[in-house]
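Chemist: So the chains spell out like this:
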Amino acid sequence: MVDFEQLKQSMGELDEDAVVSALNEVMADGGSQAAAAMQACQEGLNIVGDLFASGEYFVGDLIYAGELMTQAVEILRTALAGEGGAEKGRMIMCTVKGDLHDIGKNIVIAMLEASGFEVLDLGIDVAPETIVETAKKEGIHIIALSGVLTLAIDSMKDTVNAFAAAGMRDTTKIIIGGAPVSPEACKLVGADAWAHNPQDTVRTCSDWAEAC
Amino acid sequence: MTNQEQKQYRTKLIRDASMMQKKPDRVPHVSFFVTWKILDAGYKLSEAMNDYAIMEKVVRRHQEEYGFDAIFEYGGRNAIRIPAALGGTTYSINDEAGTVNYKDKAICEHDELEELAADPQNFFYEKGMARKYPCWADGTVTAEDVQRAIDEQSKFIQYHINITRIMNEEYGMPNFTAPNGFAYAGLDFLFNTIRGIKGLSIDMRRDPAKVEEAIAALNELYFTPGLNVLKNAPEGPNMDYCFDYDITLLCHTILNQKQFERFLWPDLKAVLDVLAEKKKTLRLFMEGSSKRFWEYLKDYPKGMITMHPEQDDVFDVRKELPNCAILGGMPVSLLGNGTRQQCLDRTKLLCDELGKDGGFILCQDKMVSFRNDANPENVHAVCEFVREYRP
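These protein sequence lines map, in sequence, to chains A and B. At the far end of the first sequence sits residue 212, using the working numbering, and the numbering has no gaps. At the far end of the second sequence sits residue 603, using the working numbering, and the numbering has no gaps.
For the record, the hints were derived by calculation from the structure and aren't laboratory data. Be careful, since some hints might not be right.
Unchecked claim - Per label pair, the in silico range of CB-to-CB distance:
no.: 1; chain 1: B; residue 1: Arg504; chain 2: A; residue 2: Glu129; range: 54 to 64 Å
no.: 2; chain 1: A; residue 1: Asn24; chain 2: B; residue 2: Thr302; range: 37 to 47 Å
no.: 3; chain 1: A; residue 1: Gly116; chain 2: B; residue 2: Glu321; range: 28 to 38 Å
no.: 4; chain 1: B; residue 1: His322; chain 2: A; residue 2: Glu118; range: 24 to 34 Å
Said to hold, decoys possible - In the DSSO-like style, the derived pairs of lysine-lysine whose C-alpha atoms are separated by at most 27 Å in a straight line are:
no.: 5; chain 1: B; residue 1: Lys481; chain 2: B; residue 2: Lys514
no.: 6; chain 1: B; residue 1: Lys560; chain 2: B; residue 2: Lys491
no.: 7; chain 1: B; residue 1: Lys224; chain 2: B; residue 2: Lys510
no.: 8; chain 1: A; residue 1: Lys187; chain 2: B; residue 2: Lys503
no.: 9; chain 1: A; residue 1: Lys187; chain 2: B; residue 2: Lys560
no.: 10; chain 1: B; residue 1: Lys235; chain 2: B; residue 2: Lys510
Owing to the predicted nature of the structure, the values given are computational and were not obtained by experimental measurement. A virtual CB, placed ideally from N, CA and C, is assigned to each residue, including glycine.
Okay, chain B solo, but in the shape it has when bound (with noise of 0.2 Å):
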């Protein structure tokens, strides 16, 4: 097969197993590994996370040492370049450990919550950039160090245009999502941005007006475009992409139902209810645990979403959620921990009773992160059995 081949058959295998149409030729295999692909390449994290010549390598080196059916990031996750430009921390890189940690820091208290609700541009302008950076905060930032951050963003923008096109050239690899705008809930932004875990906690309980407001402005910036853009979006899938959308879901690890309800639903079911009637395709992942939401997903239709679940099993999904297909199976835990029959015994298991009929993709639990987060022998072993498994 050429590459441009080889690309079509692999977007048509992950199409076919998440629209449920048909069961694809095997059962796809989609790449989650983050920053172990680093580690496994030899570079220290910091290395590579800084000079993108280095990080080309590294998810060029996955691929040819793999073979995966596609890549969900091509090194972008953590993109520490951009905030380090203001002299932003938002990363903790220890290269000695090989491990990355988030810092979950709030840019607005509790008590501005009216503040950001009246004009959230202006107060991430005012209070939330010399939170975020202390050059902002201490009045030393200067024209240089903001078109420093400008130049960064573009460089990033210009990996990812490059690194794309070499992976799709090169390699055959199919392009993940389409480009059909980027809802951000409201309350997801709250929570990843702007109050953290803790604040948002609180705040719910508190204050829950003063979060419906902060909502409803966040959402006039960034959410209602987002979901135009796909509301004018043309009818049905694009099939050049493996997927029409994709949510990474986090905020609801904290919410309880009636939160849930009250500041999370209203805003993911009007993406869902877009992608139903346009009949396009959603990877959903949701961090933790999920099952007690699944009731909200039972009604869309079939092939509709593909539910890509962190802690919940796999084979509940399929009994609880028929009408949607699967991303996921294989736990970080074994890719670890376990022997190599274990990995090939929990693969056969999982291409059998899942993929059987179709609708199912491998791919790894979570994010695959740290060093001892897979055995390296253990991957090749599961990428070449389902290559070459027909179940």
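The following block holds chain A by itself, in its conformation from the complex (with noise of 0.2 Å):
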């Protein structure tokens, strides 16, 4: 039997062998705890967004844990399929147009799925157009965008001034994040938020899907 308090901690200090072993014990025993067993990792990731915020862990401990948490998915995922679902809801992330970096978007996603939301990845250098077009015939609220160049900002701040021409701005919240994203640049792009870490993305976006 899995200990899952014990699971969720090494989830948290990223102990590769000992989140795999149990794991794959889990599937041995049948699968039945799978579901049990993706909670004590999400709630791991928790851990080390914690560990991220106190200045512990860094960048590359982000991406390992997202990593690791790909890894954990992967080995329960036929004991997974069928359950579940997103219990705070959909979302839209992406990397916007004339930017092609992933890393800190993927990171960002792995950090807001282990919290709860399901997220459409748009992939990167997405227009503004893509978005608002799958906001709407996806019926989503909750936009994050993504990017590394300074040019970024401008094509955020197009992608905001898409949504209020398609309409849709004032049901429609939208999170910048990246290296040139700061509360000024916030202001210009005309956001609802602006974050330079997972936490505070996954933080907003769960205040916004507890209000909807």
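Join the two chains into one complex using the hints; note that each chain is given alone, in its own frame.
Modeler: Written out as structure tokens, the structure reads:
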């Protein structure tokens, strides 16, 4: 019988061997505890976020955590099929037009999914109209825009304007994140919030999801 | 002033500010404009980056238009012609949008770290080249292809010799960094060229000992010889140059404190200690935020390090690292989106607060790359103000 509290701690400590071993044990036992194991991994990811916020972990650790989480989902995949859902709802995330960086985006998506969001990842270099059309078609009201280059600020602004032009700005919450983002940039872009780390993104989006 | 006198005056301005022994005549102003200057001159990125004659016009115009005291880059940061000669696509240029993106591509897999550590040069030849260049992978590479790449390397070097001479002789521009060798830390090599951001992040967690072995092997080839050149350099600063040494650090952006101490600090410390012993100066650009590592720099001699922070507040640098001169302070976000008056107010504040006793060189906080990174009118205003103002 797997100790889920220990699994959570192992995930928080990014102890790959311990996490993989525990998850393999869950599957060897028939997989009936897969949902509980996934829950423990997600809670472990929250520990990672806390350690990042405290300064003990840094970006490389978040990348590794994302990798470990992907591995966990892969191991539990067959047992998790048809289980659960997105308890906090659905949202869109992407890297904006002109910017091809995806590492930061992928880290944030892993953390958002761990916290209970179903994230529609539109990829990199995504045009404003694609984001607006997808939000409209899928009925999504929370959008996270990522970028590393300074030009991303212009693309983020274009995206916010595109939501306004489509008459969807009042019903859509938009958060921007990445290296060039700042309170001033947020004001310029016209976004609802900004973040430099995944924890703040998760917190803001969770607040929005709760208020919906 | 003649161009030669102008060059000497500008070099002295920057030396006085960086070495923190004397207040300079005025606050010096350095250009950290990279691909922006191509767009500002009315060319497409691909035009200038593929044609050194056009790039020369771009660099000349940049100085004629704005009149900086030094220019960090003469058009060689994104050397696209050399990898392109072998069919490589390290950079992705979009002329319509005026953007250039660097592709983070690993040429070594995680389970090949041991093989890399055993013989890095053989690994690069056998596997690295094949992953970087399709013609190497499919065996269609010819001697002519290799010769073309070598020729492109020669043209690139020749361009730099020419443009440096032109800027010295015709524009009175100082040379930025003295030729004192180049010690490329093994971890930065792994980060930038070999394993990439994601790969290295995973390696350091999964197999830290193998990362150390790879660093040691790479250091033997590249870092140690570079450090030895520095060790054998004559003592004291080379006053013909603005700085004796230049380090652009990127890999620290993913490191936690323990990883920094284990994988990077030993090499960085080795260079800093030699610079201190030799009484030489360093421009240290640290991408992203570097505040968590300032503690390691606080005991080095006053005026040895000039910090060029990308994201950190320059006023915090002055408070936390009073031994370091500062290069930077002008946010690209302000140059691009602020008003002329906001830019002037920021410039005056920086000159008054950080430059009143010296130890400050005005510069942009980030490499200015894209069209909207800076409004030319704002750049003109800041350049004119700094030339006239005496804090």
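Chemist: Next step is simple, just say for each hint if it's right about the structure.
Modeler: Outcome of the hint check:
Distance hint check: the CB atoms of B:Arg504 and A:Glu129 are about 40 Å apart, inconsistent with the given range 54 to 64 Å. For A:Asn24 paired with B:Thr302, a C-beta distance near 40 Å keeps the hint of 37 to 47 Å intact. In this structure, A:Gly116 and B:Glu321 meet the distance hint of 28 to 38 Å, their C-beta atoms being roughly 34 Å apart. Hint check: B:His322 to A:Glu118, Cβ distance near 30 Å, so the stated range 24 to 34 Å holds.
Only pairs whose Cα atoms come within 27 Å are accepted, and B:Lys481 paired with B:Lys514 is accepted, the gap being roughly 16 Å. The hinted pair formed by B:Lys560 and B:Lys491 fails the criterion: a straight-line CA distance of about 32 Å is larger than 27 Å. Distance check on the hinted pair: B:Lys224 and B:Lys510 sit about 25 Å apart at the alpha-carbon level, within 27 Å; holds. The straight-line distance between the Cα atoms of A:Lys187 and B:Lys503 is roughly 25 Å, inside the 27 Å bound, and the hint therefore holds.
In summary, the hint linking A:Lys187 to B:Lys560 is supported, as the alpha carbons are separated by about 24 Å, within the 27 Å threshold. Only pairs whose Cα atoms come within 27 Å are accepted, and B:Lys235 paired with B:Lys510 is accepted, the gap being roughly 21 Å.
The structure fails to meet hints 1, 6 from the earlier list, while all remaining hints are met.
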